[in-house]
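Visitor: Listed below, chain by chain, are the residues.
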Amino acid sequence: DTTVKQNPRYKLARVGKPVNLICSQTMNHDTMYWYQKKPNQAPKLLLFYYDKILNREADTFEKFQSSRPNNSFCSLYIGSAGLEYSAMYLCASSRDRTVNTGQLYFGEGSKLTVL
Amino acid sequence: SQWGEENLQALSIQEGEDVTMNCSYKTYTTVVQWYRQKSGKGPAQLILIRSNEREKRSGRLRATLDTSSQSSSLSITGTLATDTAVYFCATGTQVVGQLTFGRGTRLQVYA
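So the protein sequences, as listed, match chains A and B.
Under our numbering, read the first sequence as residues 33 to 147, first letter to last.
Under our numbering, read the second sequence as residues 25 to 135, first letter to last.
Check the hints yourself; a few may be wrong.
Claimed, not checked - Computed cross-link-like contacts, DMTMM-like style, restricted to lysine to aspartate or glutamate with a CA-CA straight-line distance of at most 20 Å: (1) Lys62(B) / Glu77(B); (2) Lys62(B) / Asp107(B); (3) Lys80(B) / Asp42(B); (4) Lys76(A) / Glu140(A); (5) Lys70(A) / Asp128(A); (6) Lys62(B) / Glu140(A); (7) Lys50(B) / Glu116(A); (8) Lys65(B) / Glu89(A); (9) Lys95(A) / Asp62(A).
Said to hold, decoys possible - Estimated spans, in silico, between C-beta atoms of each pair: (10) Gly114(A) / Ala68(B): 26 to 32 Å; (11) Gly40(B) / Gly48(A): 34 to 40 Å; (12) Phe105(A) / Thr101(B): 39 to 45 Å; (13) Ile85(A) / Ser75(B): 22 to 28 Å.
For the record, the hints were derived by calculation from the structure and aren't laboratory data.
Don't be surprised by glycine CBs; every beta carbon is placed ideally from N, CA and C.
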C-alpha cells in the first residue's frame, strides 16, 4: 500500500513532444524528489523540492522542469522528449530535510518510452 | 561493488541460504541506506546505518559500515523467495536532498 502515487504508470511519447508526469503524496512531507532510472543503472537524482524551493542537478538543469502547486503534488515536465529520455521516473518524498536521519518513500514509477 | 563501471551485480541462491551484498562508495558520507526494489514496485528502505555505527540489525537483515574502507554490506540470513529483488545502497550527508544510489545488486532466490 503505497502513499506516493504516480501517474501515468506508463507513457508513450513521440520524439519532440512534451511529457508531463505527476506525483502525489499524502504524508505531508516537505521534500519531494524525482529520480531517473534506466536498466542496469543507478537511480539518478534529477531534481527535488524542499517546500517551495526547487533544486535541479547541474547536468540535467535544462532538460527537466518541475512544479509543486501545493505540498502534496509535484510534476516533472519534459518540453521536448528525446530517445534518451526513455526510462523509469521515480518520485519520492521524505519527511526530513536531509537524508541523514530519514528515508525516502518512493512511488511505483512512471515508465516513459519515447519513440 | 555497486559503484564504478562494472555491470549490475547478480546473485542466484536457494531459499534458506544466507547472502551478503557489498557496496563501496567514493565520497564522504554520513549515512548509508539500503533499499530493496521488487518487480513493479518502487524502492523501499530496509535499513539505515550512520557513520558512527559499525553494524545495524533489523530482523533477518544485518548492515555493516566501514568508513575507513568506504564500504558497506547487507546480509540476509535464511533467505526466502520473497527476498527476490534488486538491492540498492545509497549514501548521503547532511546536505539537503543528497542521496546517491549505487547500481544495485539483483538477487534471485529460488524456492
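Visitor: Are the hints correct? Go through all of them and say.
Guide: Checked hints:
no.	hint	in the structure
1	Lys62(B) / Glu77(B)	violated (27 Å)
2	Lys62(B) / Asp107(B)	holds (8 Å)
3	Lys80(B) / Asp42(B)	holds (17 Å)
4	Lys76(A) / Glu140(A)	holds (16 Å)
5	Lys70(A) / Asp128(A)	violated (27 Å)
6	Lys62(B) / Glu140(A)	holds (10 Å)
7	Lys50(B) / Glu116(A)	violated (27 Å)
8	Lys65(B) / Glu89(A)	violated (25 Å)
9	Lys95(A) / Asp62(A)	violated (24 Å)
10	Gly114(A) / Ala68(B): 26 to 32 Å	holds (31 Å)
11	Gly40(B) / Gly48(A): 34 to 40 Å	violated (52 Å)
12	Phe105(A) / Thr101(B): 39 to 45 Å	holds (41 Å)
13	Ile85(A) / Ser75(B): 22 to 28 Å	holds (27 Å)
Consistency note: the structure conflicts with the earlier hints numbered 1, 5, 7, 8, 9 and 11.
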